[in-house]
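Undergrad: Start from the sequences and build out the full structure, keeping to the hints where you can.
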Amino acid sequence: MHDAFPCAGAFWMETMKDKAAIVGVGHTEYSKDSGRSEMSLAVEAIRNAISDAGLKPSDIDGIAKFTMDNNDHVLLAANLGITALRFFAEAPWGGGGGPVGSVLLGAMAVATGMADCVVAFRAMNERSGRGTQRFGRAMVREGAAGPRAYMEPFGLFSPAQSVALSARRHMHLYGTRSEHFGAIAVACRAHAQTNPNAVMRGRPLTIQDHQQSRMIADPLRLHDCCLETDGGAAVIITSAERARDLKQKPVYIMAGAFGATDRQTQSVVKFLEQPRSETSVAAKDLFARAGIAHKDIDACFLYDHFTPLVLMAFEELGFCERGEGGPFVSDGKLLWPNGSLPLNTSGGNLSEGYIHGMQNIVEAVRQLRGQAINQVEDAEIALVTSGNAVPTTAMILHR
Amino acid sequence: MAATSNFPAPVPEFGAEEFWRGCNRGELMMQRCARCGKFRWLPQPMCPVCNSMESEWIKVSGRGTVYSYTIITHPVHPAAAGRVPYNVAQVQLDEDPDLILITNLVGVKNEDIRIGMPVRVVFVDHEPGVKLAKFEPA
Chain A
1 MHDAFPCAGA FWMETMKDKA AIVGVGHTEY SKDSGRSEMS LAVEAIRNAI
51 SDAGLKPSDI DGIAKFTMDN NDHVLLAANL GITALRFFAE APWGGGGGPV
101 GSVLLGAMAV ATGMADCVVA FRAMNERSGR GTQRFGRAMV REGAAGPRAY
151 MEPFGLFSPA QSVALSARRH MHLYGTRSEH FGAIAVACRA HAQTNPNAVM
201 RGRPLTIQDH QQSRMIADPL RLHDCCLETD GGAAVIITSA ERARDLKQKP
251 VYIMAGAFGA TDRQTQSVVK FLEQPRSETS VAAKDLFARA GIAHKDIDAC
301 FLYDHFTPLV LMAFEELGFC ERGEGGPFVS DGKLLWPNGS LPLNTSGGNL
351 SEGYIHGMQN IVEAVRQLRG QAINQVEDAE IALVTSGNAV PTTAMILHR
Chain B
1 MAATSNFPAP VPEFGAEEFW RGCNRGELMM QRCARCGKFR WLPQPMCPVC
51 NSMESEWIKV SGRGTVYSYT IITHPVHPAA AGRVPYNVAQ VQLDEDPDLI
101 LITNLVGVKN EDIRIGMPVR VVFVDHEPGV KLAKFEPA
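Taken in order, these protein sequences are the chains called A and B. No gaps in the numbering here: position 364 of the first sequence is 364 in my numbering, and each next residue is one more. No gaps in the numbering here: position 73 of the second sequence is 73 in my numbering, and each next residue is one more.
These are calculated hints, taken from the structure and not from any lab test. Incorrect hints may have been included.
[As the list claims (entries may be wrong)] Derived lysine to any residue pairs resembling SDA-like cross-links, with alpha carbons at most 25 angstroms apart:
1. B/K38 with A/K295
2. A/K19 with A/A240
3. B/K109 with A/Q212
4. B/K131 with B/R40
5. B/K109 with B/T65
6. B/K59 with A/A240
7. B/K109 with A/G175
8. A/K56 with A/K32
9. B/K38 with A/P147
10. B/K109 with A/S213
11. B/K109 with A/H172
12. B/K109 with A/D218
13. A/K19 with A/A111
14. B/K38 with A/K19
15. B/K38 with A/Q274
16. B/K38 with A/D262
17. B/K131 with A/G175
18. B/K131 with A/K295
19. B/K59 with B/E127
20. A/K247 with A/G146
21. B/K59 with B/K109
22. A/K19 with A/G54
23. B/K131 with B/R35
24. B/K38 with A/L272
25. B/K59 with B/A80
26. A/K19 with A/K295
27. B/K131 with A/G143
TA: Pasting the structure below:
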């Protein structure tokens, strides 16, 4: 088994623990068709985050973006009026590297003095297709090149279809049932009901609804799959020192980790019997660096692209053993307000809006400030992950 | 038109041509490290076990078992519209448990597919001059 690398915990605690903080969050409306450019979504979300922090655009000197995001660093600077950009970076691998990874790049930049205030964001017209191809649709190409040559000729295109293979294997090995996947969808949908910005507000979901929803790629049903959304979300990261003088209560980046293995060569196909996964690699370092235990986490924000991968993430993060994810997620612990480990309290990718996980980071910050709609009582520590089954990133935040 | 009426044909990757040539002549060829004997999948220039860049192509038995599968009912590609429901499976080859190929199962009803089912390779026309390695119950 993989062990955290020897000095992971001690070295991080000295160099990075609580050295950076999230001080501003912002977002746009989440919709099925924004009718606007992706640049327009990006700069609105970023402007809102800057304003939330009590900063001015000229205070921002770094931009960390998703590699997949179509918006260019310099064009963003030109819109926002950032006249001296000292740091620009990209986090690869879509929803795996992107959401938490871009924040961690910002955290490292401010902790090392490379930049003073960094924005991390995601903005896309993923549902309307105004600039970004829908992830739930296959790109029509003349031929299948690279790793796709071994998938697409057989009709395997979308992430949902690949995840179905891993979900079926999990069911076979461990007796996991579709209702277990459904428990995750139901929890996220319940949390969206009070969120005015949630795409799925006003459309509650029961486990029976989940079981009756149409099959997409057996065993994945419609409600096991995340939304497709147009919108933008952004966060501002600065040093802990500077954070203490700003408008909002700082949310400190206690620990962060990246993780990948040599097995993600074909989309989001997962191999359950491997001794380690991308998420388990990140998790070991993450908890060693934070110096906390799983029971210390008050709310969790797991990247919810597909319910089976959330279930597997709980296993790989160490909340339960491999194979125990089904019962673990099904006893009500994920449901606010009574559950012991509320999941994605604003609705997540499944029910708030699919802003590639960035909206979950915005919500984690609101929880730790005490500003959430579904406020977890006395929330002190939150876990945030990026997508499981792709090279991934994770962080632990505290107030 | 071809791009929307059929699933895309494979574009053989530099260094992996022998896999696709093998399919076209009816042989399942796998890349194996010429130094330590470890099979590689997907084909790649270096052995992850011994870092040798030497490899050889071996005709394998074409026998394996179903590792996992899905029945796709929601078409996401234009060519899928007339085909749903169709299966996509992973087949684990007998030669090495790390050889897990994405494929289709033929000669079996979707509802009769089971994980662990023994299968053997069969080469199916995809378009003129291109065959794909699919599997049928053994």
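Undergrad: Taking the hints in turn, state whether each one holds.
TA: Status of each hint after checking the structure:
1. B/K38 with A/K295: violated, 42 angstroms
2. A/K19 with A/A240: holds, 5 angstroms
3. B/K109 with A/Q212: holds, 23 angstroms
4. B/K131 with B/R40: holds, 21 angstroms
5. B/K109 with B/T65: Roughly 16 angstroms separates the two Cα atoms, so the pair holds.
6. B/K59 with A/A240: violated, 60 angstroms
7. B/K109 with A/G175: holds, 23 angstroms
8. A/K56 with A/K32: violated, 31 angstroms
9. B/K38 with A/P147: holds, 20 angstroms
10. B/K109 with A/S213: Holds. B/K109 to A/S213 sits at ~23 angstroms (cutoff 25 angstroms).
11. B/K109 with A/H172: holds, 19 angstroms
12. B/K109 with A/D218: Given pair B/K109, A/D218 holds - Cα atoms ~15 angstroms apart, limit 25 angstroms.
13. A/K19 with A/A111: This hinted pair holds, its Cα atoms lying about 6 angstroms apart.
14. B/K38 with A/K19: violated, 45 angstroms
15. B/K38 with A/Q274: Roughly 17 angstroms between the alpha carbons, so the hint for B/K38 and A/Q274 holds.
16. B/K38 with A/D262: Given pair B/K38, A/D262 holds - Cα atoms ~15 angstroms apart, limit 25 angstroms.
17. B/K131 with A/G175: violated, 37 angstroms
18. B/K131 with A/K295: Given pair B/K131, A/K295 is violated - Cα atoms ~54 angstroms apart, limit 25 angstroms.
19. B/K59 with B/E127: holds, 23 angstroms
20. A/K247 with A/G146: violated, 49 angstroms
21. B/K59 with B/K109: Roughly 28 angstroms separates the two Cα atoms, so the pair is violated.
22. A/K19 with A/G54: Answer holds: A/K19 to A/G54 is near 20 angstroms, not above 25 angstroms.
23. B/K131 with B/R35: Given that 25 angstroms is the threshold and the Cα spacing comes to 30 angstroms, the pair is violated.
24. B/K38 with A/L272: Holds - the C-alpha atoms of A/L272 and B/K38 are around 21 angstroms apart, at most 25 angstroms.
25. B/K59 with B/A80: Given pair B/K59, B/A80 is violated - Cα atoms ~32 angstroms apart, limit 25 angstroms.
26. A/K19 with A/K295: Measuring from Cα to Cα gives roughly 24 angstroms; hence the hint holds.
27. B/K131 with A/G143: Distance of about 14 angstroms is within 25 angstroms: holds.
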